[in-house]
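S.K.: Each chain is listed here by its residues.
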Amino acid sequence: MIADDDEKWLAAATAAVKQNAFYMQRAIDSNNLKDALKFSAQMLGELRTSKLSPHKYYELYIRASDELRSLEMFFRDETARGCSIAELYELVQHAGNILPRLYLLCTIGSVYIKSKDVAAKDILKDLVEMCRAVQHPLRGLFLRSYLAQVTRDKLPSIGSELEGDTETHMDALEFVLQNFTEMNKLWVRMQHQGPTREKEKREKERNELRDLVGKNLHILGQLEGVDLVVYRDTVLPRILEQVVNCKDELAQCYLMDCIIQVFPDDFHLQTLDVLLGACPQLQPSVDIKTVLSGLMERLSNYAASSVEALPNFLQVDAFSKLNHAIGKVVEAQVDLPASSSVTLYLFLLKFTLHVHSDRLDYVDQVLGSCVSQLSATGKLCDDKASKQIVAFLSAPLEKFNDVVTILKLTNYPRVMEYLDHDTNKAMAIIIIQSILKNDTRIATADEVDALFELIKGLIKDFDGLTDNDEIDEEDFQEEQNSVARLVHFLYNDDPEEMPKIIFRIRKHILTGGPKRLPLTIPPLVFSALKLIRRMRGGDENPFGDDTSTPQKILQLLTETVEVLADASASELALRLYLQCAQAANDCELETVAYEFFTKAYLLYEEEISDSKAQVTALRLIIGTLQRMRVFNVENRDILTHKATGYSAKLLKKPDQCRAVYECAHLYWAEEGENLKDGERVVLCLKRAQKIADAVQKMANASRGASSTGSVSLYVELLNKYLYFLEKGNPQVTGETIQSLAELIRSETKKAESGAGTFITSTLRYMEFQRQQEDGGMSEKYQKIKMEWFE
Amino acid sequence: MNYLRGAFKPACNISITFTDGKNRKQVPVKKDNGQMVMNPLFHSQETIAGKVCIEPYQGKKVEHNGVKVELLGQIEMYFDRGNFYDFTSLVRELDVPGEIYENKAYPFEFPTVEMPYETYNGVNVRLRYVLKVTVTRGYAGSIVEYQDFVVRNYSPLPPINNSIKVRSKLSQFPGSLSLFILNPFALKPLLASDMLNSFGPLLDVQMEVGIEDCLHIEFEYNKSKYHLKDVILGKVYFLLVRIKIKNMDLEIRRRESTGAGANTHVETETLAKFELMDGAPVRGESIPVRLFLTPYDLTPTHKNINNKFSVKYYLNLVLVDEEDRRYFKQQEITLYRLKDESS
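Chain order of the listed sequences is A and B.
At position 509 of the first sequence the residue is numbered 1326 (our numbering), and the sequence of numbers has no breaks.
At position 50 of the second sequence the residue is numbered 178 (our numbering), and the sequence of numbers has no breaks.
These are calculated hints, taken from the structure and not from any lab test.
Please note: incorrect hints may appear among the correct ones.
As the list claims (entries may be wrong) - If you want the ones that stay clear, here's a sample from chain B, every Cβ over 10 angstroms from chain A, calculated:
| no. | residue |
| --- | --- |
| 1 | K158 |
| 2 | G187 |
| 3 | K189 |
| 4 | E204 |
| 5 | T216 |
| 6 | S217 |
| 7 | P225 |
| 8 | I228 |
| 9 | Y234 |
| 10 | P235 |
| 11 | G266 |
| 12 | E348 |
| 13 | G389 |
| 14 | K401 |
| 15 | R453 |
| 16 | Q459 |
Said to hold, decoys possible - Below, a list of computed lysine to aspartate or glutamate pairs in the EDC-like style, where the Cα atoms sit at most 20 angstroms apart:
| no. | chain 1 | residue 1 | chain 2 | residue 2 |
| --- | --- | --- | --- | --- |
| 17 | A | K868 | B | D452 |
| 18 | B | K363 | A | E946 |
| 19 | B | K374 | B | D341 |
| 20 | A | K855 | B | E403 |
| 21 | A | K1369 | A | E1313 |
| 22 | A | K971 | A | D1074 |
| 23 | A | K1216 | A | D1178 |
| 24 | A | K1332 | A | E1424 |
| 25 | B | K431 | B | E403 |
| 26 | A | K868 | B | E451 |
| 27 | B | K363 | A | D939 |
| 28 | A | K835 | A | E889 |
| 29 | A | K851 | B | D425 |
| 30 | A | K868 | B | E450 |
| 31 | B | K159 | B | E204 |
| 32 | A | K868 | A | D1104 |
| 33 | A | K1204 | A | D1237 |
| 34 | B | K431 | B | E460 |
| 35 | B | K363 | A | D943 |
| 36 | B | K357 | A | E907 |
| 37 | B | K374 | B | E460 |
| 38 | A | K1347 | A | E1407 |
| 39 | A | K1277 | A | E1291 |
| 40 | B | K372 | A | E1015 |
We treat Cβ as the ideally placed atom computed from N, Cα and C, and that holds for glycine.
So here's chain B without its partners, still in its complex pose:
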């Protein structure tokens, strides 16, 4: 149980228990201090019920102006730490003002709560759900107790899930090697993956990028949308190889953008680095891709959560040549949580 102690010695001990707490699935959550704690897991539209027990210490009495329990859905930006934006707030008054002399339990219930967003712990942003019990007191300051819980929401199977096919000529810009390496695919293709995702499968995406006669590959992932326990299958086909490739990796990158407009803050982290190929292929080689998503700590793709933040995922295909120059090509994928998952 999570105790939150005030500056003063608390007059009482508050505990929050869920009705089905013993049977409910617990998932690990990383706290601010890095510790992992287990929190109960809920889904949107579930009824959240339980009871709040208030136990005064050693016959002390607790005077109060009322006891309430709130269910809060909060977004916290790390550059604005401590300032929570509540997108969901439900309140249940548990007691009228009075005094508590002995242990007292208050049952509570929030029926079919709408919890549209998933719990999220990012680099710059956190989205959390919490039950907050407040024993309101006048002069001595209110006694507050929090109980975090985790919300995860399943997505239905995406109706359209076409494969990603990219045919790409990776090559060096004339005269300026470093420019190219710093800005690979500077010529952003007309058809970004966003379009792919929004317009659906009607288009077989073919992209021509860069300048010819150096590296020409075609790669294909079996889907554009993956659930979290999915496996990415695909292949990389080498049409033209004029550089000495050392190896090829597939990275899963998370792009978290917070804020809006001019204040948009983007943070990208590489969650997975998975070697696909060792050595230099020759023209005509086809390298299989099989990446299990299970081992990685992924979340579904989040789009514009309450106008506060977005989380996007990308597959980044990286080729490294013998002089450690990197050539890469990034494709967005959509991650979603599938119902029949065990977690």
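So that you can see chain A by itself, here it is in the shape it has in the complex:
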């Protein structure tokens, strides 16, 4: 409805403008000055309307000011024909209504200035003063905007006429400043006129009009003669005076931004304290962070774009000024939400990183300021603020791509403390990812400490936070995997430093609690084992019996893995024990290795009850034990015996069978000359065969589908025999193999063989070995006489 009326009024006004413009044009064409003035005044009279919204009024204004251009031309022609411009200047002022009068005055005024008959400054001063007569905000704004527009191209000409005459520059400057001041007043006043219920609408309308005001600043920015000195001494103070004094949120926000965008970077740099000084004086509701961040962004870009500018930054100490200013703003605006203040610091940080990438102390200072700000608010529960802090903390990471640098920032972890649990973790992950991505080596124990301090959100549970149950299992895994990967980046080639690193890592990781340990301890163990291996490979212990002997480290690992065993991750612990035992073996530390085995056996006995797990564990034990070289005969016997015992006690027969024949390997070490007990090997195999027989019997009894199972057991056994045959075990005879093969054959005949392929491949392999020309192997195989082969 209102919009409709708006349209209607605009249409009517436009029509009237058109009509009067037509008559005006006709009068111009016939050089009728009096009529031209009359109709132009009538046309401009349409602008006196109060009915239109700013948007529609703008349309009308554009139309009318377009028409005025031809009037301006006419005035120029008139003066060329000898009409006194001073008289014209008076004549237009006879108009009875103020608004048309002033539009005409501005029009003729611009011609007057151009004619250079009179000092431009006098005319400018007169125009800008006379325009005070329009106090209606909307109409006044457009009038003054017209004034700015018609004089704009004349302003530089003032300067160019008298080159280097600062006074004329100042006149033009004064003019623009004054016009700006008045426009701003009108603009601000708009907010306070009319009913309160339309406040929002007015604000919107005002926002549409802001560029009219801002245009003045653009003009100032392009004005010749506005050099740094002028800007610093005149322009900026005057503008800021307006901005501060108008006490209007919208205006302050927009104009500050205008200032920042319009004037050159180096001006800002040189007048930083003035500009910043104004910030705390703005209204509390002003979105100061946008303003300041705009400024800092500009300066950052400036610093980035021109290298020559950098000394200037240092010279004016831009950083501490900005830092100080932000502090002031934060102090002054008590209600400033944390997200805003953090954003401010974020931009300051970005600025610092751009401009002073070499000044780590600055970066730390920013972080410190942020901390002290946050200390007032406490932990952040506000999403937005948290996000900002993450961005804030990520900035230096992105810049330096080096976590080691970050670790030097003492305030960095302090900022992190203000994050809530989830965000803290997210941030920790970002840090870790940075390390992983950039392949950063954390090479000293102190750095490790610092790093873990940073990511402690991932390392341990927070006190009083029992939201663990809500954590998504997959996410948790993911997190801890990151930590696990991280451990491998904590690395130093120096054998003296590395143990320290390991100790530190351990200290931190052990705080993790039962859920984390299974995921985090393995990498630690392997990292330590790697070290041990290296120590063994390198020069043997140059520092005697300090902490960094393999023994000590292994001792440490024992304790570490023990923790894991306690944390009901016994299978994992068992594996790790075995790994450690192997390392101990490599270091020829028999007792240590024995200790590890003992622990592993204990675990097996006490903790591993699941039969499948037992099978797996036993295989591992056997496999590891087989490779152990350090044990003396006695120890070895005990362990071997134990392992064989375990094998025989497995639940399922096939498992028993397999475990037992695996045990055969324990008596036949590859390299160990003294460890080739062929007899016991065969004994084991025989025992396995017995178990297989039992399995077979059970199968036959049930005549079930599982009958093939035992056949494959036989085949496996056959393979074992063949293996030991090849290895040259004298106790493995052709007859034994032959009889086993017979057995397999008969069993396959009885029941159709599911293990057919296995059998065939095995037989084919045997055949192949027999056919070998080169002696050794084939000779061994010749011992086996089988009908199948004929």
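Once you've looked at the hints, dock chain B against the given chain A.
M.R.: Just chain B now, with coordinates in the frame of chain A:
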């Protein structure tokens, strides 16, 4: 030429010409019927000379008892129309009684005539100067011919011409809005502009009018006396604004008073209505005033012309609020005619 025809067919044609008629400046004068005519312009102390031509029609002869030319300065009140009060009357006898058979020209001259008042055409009163030629005849009635001319007199520059400064609180009377609007500034200030004008510039006029806390303005005009092509400069300063003002106008008003004593008749007309301000100002705003007097049809201020009439001029500052209530403040100004004017 102005012919005045009698009821009878005139026996002759009378024409009056001025010696320097071709070069003399002519000014437009509005006649009774609304037409504009151009009349020659004279100043006081000028010699008015010319000749009167009498042309009998077609060989007719004109018998007469004498021919004379009079220079009359007349005041005519419109409520007493046709009744002229002559404040100046000079006569020249041109011919002795006789007969005129053919065209005859009589030169005449009124040397350095004192013409103290300016020609004036007002609402209720007219002041005019006229040359009247009378061919006196007995039975057939005299033949009379008039020639108007315009007199304008220059004033010297006023020796004292101080500015008008008024500080005024315009406000509403409690409980009676309309009263105030009908009678603004009912509390007539002690120092009227009359006093200002008569006592000169010694006093910086400050006036407090009305009741506080509504509208408080200070205005200033650069002079109190203006010549007719002058420009009024000034400013209006808003000290306190508690009403929503829509606009502000400056009016030039002419106050013509005729008659004397109980019969005094006052007529006020607004000659100019000039918008000074658009929209509502806030406290501290200062609005410039610049009003060129040229476009308006003004005369000098006339004071008690021959005890018959006075013409005074006032500047009236009018503020209109959003409910179309008017607040105003009137100041008298003196208008005078300056010598170097072109007209």
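S.K.: Hint by hint, note whether the structure agrees.
M.R.: So, going through the hints one by one against the coordinates:
1. K158: Given that every Cβ of chain A is farther than 10 angstroms from that of B/K158, nearest at about 20 angstroms, it holds.
2. G187: With a cut-off of 10 angstroms, B/G187 remains clear of chain A, as the shortest Cβ separation is near 51 angstroms.
3. K189: B/K189 clear of chain A: closest Cβ-Cβ about 53 angstroms, beyond 10 angstroms.
4. E204: Given a closest Cβ separation of 33 angstroms, the condition holds.
5. T216: holds (37 angstroms)
6. S217: The claim stands: B/S217 keeps its Cβ more than 10 angstroms from every Cβ of chain A (closest is about 41 angstroms).
7. P225: holds (55 angstroms)
8. I228: Non-interface label on B/I228 holds, nearest chain A Cβ at 49 angstroms vs cutoff 10 angstroms.
9. Y234: Answer for B/Y234: holds, closest chain A Cβ roughly 44 angstroms.
10. P235: holds (42 angstroms)
11. G266: holds (55 angstroms)
12. E348: B/E348 clear of chain A: closest Cβ-Cβ about 15 angstroms, beyond 10 angstroms.
13. G389: B/G389 clear of chain A: closest Cβ-Cβ about 38 angstroms, beyond 10 angstroms.
14. K401: violated (6 angstroms)
15. R453: Holds, because the least Cβ-Cβ distance between B/R453 and chain A comes to about 18 angstroms, which exceeds 10 angstroms.
16. Q459: holds (19 angstroms)
17. A/K868 - B/D452: Holds, because 17 angstroms separates the two Cα atoms, which is no more than 20 angstroms.
18. B/K363 - A/E946: Holds, at roughly 11 angstroms.
19. B/K374 - B/D341: With a Cα-Cα distance of about 19 angstroms, the restraint between B/K374 and B/D341 holds, given a limit of 20 angstroms.
20. A/K855 - B/E403: holds (16 angstroms)
21. A/K1369 - A/E1313: Measuring from Cα to Cα gives roughly 13 angstroms; hence the hint holds.
22. A/K971 - A/D1074: Given pair A/K971, A/D1074 is violated - Cα atoms ~27 angstroms apart, limit 20 angstroms.
23. A/K1216 - A/D1178: holds (15 angstroms)
24. A/K1332 - A/E1424: It holds: about 18 angstroms lies between the C-alpha atoms, which stays within 20 angstroms.
25. B/K431 - B/E403: violated (29 angstroms)
26. A/K868 - B/E451: This hinted pair holds, its Cα atoms lying about 16 angstroms apart.
27. B/K363 - A/D939: holds (18 angstroms)
28. A/K835 - A/E889: holds (17 angstroms)
29. A/K851 - B/D425: holds (18 angstroms)
30. A/K868 - B/E450: Satisfied, since the Cα-Cα distance of roughly 14 angstroms is no more than 20 angstroms.
31. B/K159 - B/E204: holds (14 angstroms)
32. A/K868 - A/D1104: violated (33 angstroms)
33. A/K1204 - A/D1237: Holds, at roughly 11 angstroms.
34. B/K431 - B/E460: Roughly 13 angstroms between the alpha carbons, so the hint for B/K431 and B/E460 holds.
35. B/K363 - A/D943: holds (13 angstroms)
36. B/K357 - A/E907: holds (12 angstroms)
37. B/K374 - B/E460: Not OK: B/K374 and B/E460 at ~25 angstroms, beyond 20 angstroms, violated.
38. A/K1347 - A/E1407: holds (19 angstroms)
39. A/K1277 - A/E1291: holds (17 angstroms)
40. B/K372 - A/E1015: Satisfied, since the Cα-Cα distance of roughly 17 angstroms is no more than 20 angstroms.
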